[in-house]
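Whenever a hint applies, use it, and build me the whole structure from the sequences.
For reference, the chains in residue letters:
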Amino acid sequence: MSSKTIFDKIWDDHVVSTVPEGPDVLYIDRHFIHEVTSPQAFGGLKRRGIKVFRPDKTVATADHNVPTTSQHLPIQEELSRVQVEKLAENCSEHNIALYGLNHPYNGIVHVIGPELGITQPGMTIVCGDSHTSTHGAFGCIAFGIGTSEVEMVLAGQCIMQSRPKTMRINIDGIPGQGVTSKDIILYIISQISTGGATGYFVEYSGKAVRSLSMEARMTICNMSIEMGARGGLIAPDEVTYEYLRGREFAPAGKEFDRHVERWKKLGSDSDARFDRELFFEAADIEPMITWGTNPGMGIPVTAPIPGKDETGNTSEASFRKSLDYMGFNPGEPMAGKKVDYVFVGSCTNGRIEDLRSFAQFVKGRKKAEGVTAWIVPGSRQVEKQAAGEGIKDILEEAGFELRQPGCSACLAMNEDKIPEGKYAVSTSNRNFEGRQGPGARTMLASPLTAAAAAITGVVTDPREFL
Amino acid sequence: MPIEKFTTLVSTCVPLPAENVDTDQIIPARFLKATSREGFGENLFRDWRYDHAGRPRKDFVLNDERYGGEIMVAGKNFGSGSSREHAAWAIKDYGFRVVVSSFFADIFRNNALNNGLLPVQVTGDFLSLLFNRIERDPRVTVRVDLEKQAVSLEGEGVSENFEISAYKKKCLLNGYDDIDYLLSMKERITEWEQKREL
Ligand code: SF4
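These protein sequence lines map, in sequence, to chains A and B.
Going by my numbering, the first residue of the first sequence is number 4, and it counts up by one from there.
Going by my numbering, the first residue of the second sequence is number 114, and it counts up by one from there.
No lab work stands behind these hints, which were simulated from the structure alone.
Incorrect hints may have been included.
[Unchecked claim] Reference listing, derived: stretches of chain A covered by chain B, where coverage requires no fewer than 3 residues with Cβ under 8 Å from a Cβ of chain B: (1) 37–46; (2) 81–88.
[To be verified] In the PhoX-like style, the derived pairs of lysine-lysine whose C-alpha atoms are separated by at most 20 Å in a straight line are: (3) B/Lys-118 x B/Lys-205; (4) B/Lys-146 x A/Lys-420; (5) A/Lys-89 x B/Lys-146; (6) A/Lys-54 x A/Lys-7; (7) A/Lys-49 x B/Lys-299; (8) A/Lys-257 x A/Lys-324; (9) A/Lys-12 x A/Lys-168; (10) A/Lys-60 x B/Lys-308; (11) A/Lys-341 x A/Lys-311; (12) A/Lys-12 x A/Lys-370; (13) A/Lys-341 x A/Lys-369; (14) B/Lys-308 x A/Lys-12; (15) B/Lys-205 x B/Lys-282; (16) A/Lys-60 x B/Lys-283; (17) B/Lys-283 x B/Lys-261; (18) A/Lys-7 x A/Lys-49; (19) A/Lys-267 x A/Lys-7; (20) B/Lys-205 x B/Lys-146; (21) A/Lys-341 x A/Lys-267; (22) A/Lys-54 x B/Lys-299; (23) B/Lys-118 x B/Lys-283; (24) A/Lys-324 x B/Lys-118; (25) A/Lys-210 x A/Lys-168; (26) A/Lys-257 x A/Lys-267.
Keep in mind it's a predicted model, so treat the numbers as computed, not measured.
For glycine and all other residues, C-beta sits at the position ideal for the given N, C-alpha and C.
Listed below in structure tokens is the structure:
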């Protein structure tokens, strides 16, 4: 038998058939849906006059455009409310489990899947959202799809997909103090660019990855899409099994052990071949921040903004356009730049560990005057846990307020918009023009770097305080 | 449910040389609140096209009367970022049938193909040539022939072949839709599920 990567093992295990000279028909174990990318898919089913094929394999949540305050009240903004209501209607018509607003399991789709134990090793998972790659942290094939494909999965529980190439990214060594998994992934994207992994499915491996918690691994897999990858995954290990044990929808008792035995065989064979392999050293990585308008434009927080020649293959025009939008110039240090807003949240860094690390940092300190901070838990459960652990109190004492769960300022579909021209240090995943509101200027960073900015009011190396 | 067929298109082009155009630019998130597929063309490139007061920005190509047509020629790494299919819908709804670039993001490519919008990937050199010619004369026409998988600059004899999967090509030429195909396989999928249970 030829040796296989973890990706090959899972993929091969799910191929129902192969279209001659065409894509594979891949069976999908779990399908997540939300209010924004599903209505047209249900509309399509209606036009075809068909029902959802396997409703028990789809789970729904409302997250993208929900408000993050007063969630007990009806949604003010009409179009958002209509979308959320439409989702509820569609779910009840097709018998799909919905964790809507105010449900104890509600939250950002990529936060709730793992925390409820719905996401498990060896699975195929899709969602009409590019950050579905987050679930890959559990050793599964998880990727984002478009609405036509959402319709396809609802219609036949399969997706027609050509097999991507495989890439392995090894990160050796142990990250230094103050260097988080967010910094690792921002560093990798800055090295290989936003198109660097297009056409590939990435496996992350190496000592640095093994040293990370599940939550930190999710942050890495989450941003795989930001380098163009179809998805990213990490082979499961003891950390994975321990995380899953006892979770609501994870297998229980003997069944759990039986699953673990199976999951242990998933890892890439030692002589498995990848189409491309890259190597990085954790010791080279510092706390990162972005200076431009795509996630590949990241540098160490201590470094000056690069000149055109140091930014690789970006054209002069695109480089200038980015800097003009941000109001920055080449050669200026990032540290010390004024910060108006701090956003902690999103499926990248809105989990309990992220709130913990932010809270630990600001504990006993005070929010800088002039900074508006939005701390948004990724889910109801995270919110509850934050209150239970005293994180909420620590935040309040330091001048911060914990909001209610949702995607919030990550994509600014609700009211949480950064005003035009203002600067935000954000723990989310995209710094595209207007992503956080028309004219908003986003600097992506880790929760620690966000915390340092929140208490100083300027871009700051968090290590100065550790 | 058939999709719009694509065979050959001859058209003038709209040039958009910016690189890494992400789907947040193509259609900003705040316009994703519709529950149908129609009408997104109105907000295509909204924040590049209009200022905050809703006035057209003169320097953006869609507001430049010299340019028009059903082919958009775009800088490399087009369609990165969010998986929103609304990006493909908006481009199609506006009236484009082809996007030419030297590199496309994966999900965008799939989304486009699923909506009868043809992504044509050319070499960087060919792309520069196109930009150059279109800029010199906005009336130049480009021919896209799906059967031959060829894109050419009319009247200049320069052409290039492009890749497309044999299956997707057949779908577009005939207007077939993936979901119809999948629906025809339901029994097979059920059998596969049962075998897997064992
Ligand atoms: S938090 Fe942001 S990236 Fe994540 S699912 Fe929501 S909008 Fe998408």
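Okay, the hints, checked on the actual structure:
{"no.": "1", "hint": "37–46", "in the structure": "holds (count 5)"}
{"no.": "2", "hint": "81–88", "in the structure": "holds (count 4)"}
{"no.": "3", "hint": "B/Lys-118 x B/Lys-205", "in the structure": "holds (13 Å)"}
{"no.": "4", "hint": "B/Lys-146 x A/Lys-420", "in the structure": "holds (16 Å)"}
{"no.": "5", "hint": "A/Lys-89 x B/Lys-146", "in the structure": "holds (11 Å)"}
{"no.": "6", "hint": "A/Lys-54 x A/Lys-7", "in the structure": "violated (37 Å)"}
{"no.": "7", "hint": "A/Lys-49 x B/Lys-299", "in the structure": "holds (18 Å)"}
{"no.": "8", "hint": "A/Lys-257 x A/Lys-324", "in the structure": "violated (58 Å)"}
{"no.": "9", "hint": "A/Lys-12 x A/Lys-168", "in the structure": "holds (14 Å)"}
{"no.": "10", "hint": "A/Lys-60 x B/Lys-308", "in the structure": "holds (18 Å)"}
{"no.": "11", "hint": "A/Lys-341 x A/Lys-311", "in the structure": "violated (23 Å)"}
{"no.": "12", "hint": "A/Lys-12 x A/Lys-370", "in the structure": "violated (49 Å)"}
{"no.": "13", "hint": "A/Lys-341 x A/Lys-369", "in the structure": "holds (17 Å)"}
{"no.": "14", "hint": "B/Lys-308 x A/Lys-12", "in the structure": "holds (18 Å)"}
{"no.": "15", "hint": "B/Lys-205 x B/Lys-282", "in the structure": "holds (18 Å)"}
{"no.": "16", "hint": "A/Lys-60 x B/Lys-283", "in the structure": "violated (31 Å)"}
{"no.": "17", "hint": "B/Lys-283 x B/Lys-261", "in the structure": "holds (12 Å)"}
{"no.": "18", "hint": "A/Lys-7 x A/Lys-49", "in the structure": "violated (41 Å)"}
{"no.": "19", "hint": "A/Lys-267 x A/Lys-7", "in the structure": "holds (14 Å)"}
{"no.": "20", "hint": "B/Lys-205 x B/Lys-146", "in the structure": "holds (18 Å)"}
{"no.": "21", "hint": "A/Lys-341 x A/Lys-267", "in the structure": "violated (48 Å)"}
{"no.": "22", "hint": "A/Lys-54 x B/Lys-299", "in the structure": "holds (13 Å)"}
{"no.": "23", "hint": "B/Lys-118 x B/Lys-283", "in the structure": "holds (10 Å)"}
{"no.": "24", "hint": "A/Lys-324 x B/Lys-118", "in the structure": "violated (37 Å)"}
{"no.": "25", "hint": "A/Lys-210 x A/Lys-168", "in the structure": "violated (24 Å)"}
{"no.": "26", "hint": "A/Lys-257 x A/Lys-267", "in the structure": "holds (16 Å)"}
When each numbered hint is compared with the structure, violations occur for hints 6, 8, 11, 12, 16, 18, 21, 24 and 25.
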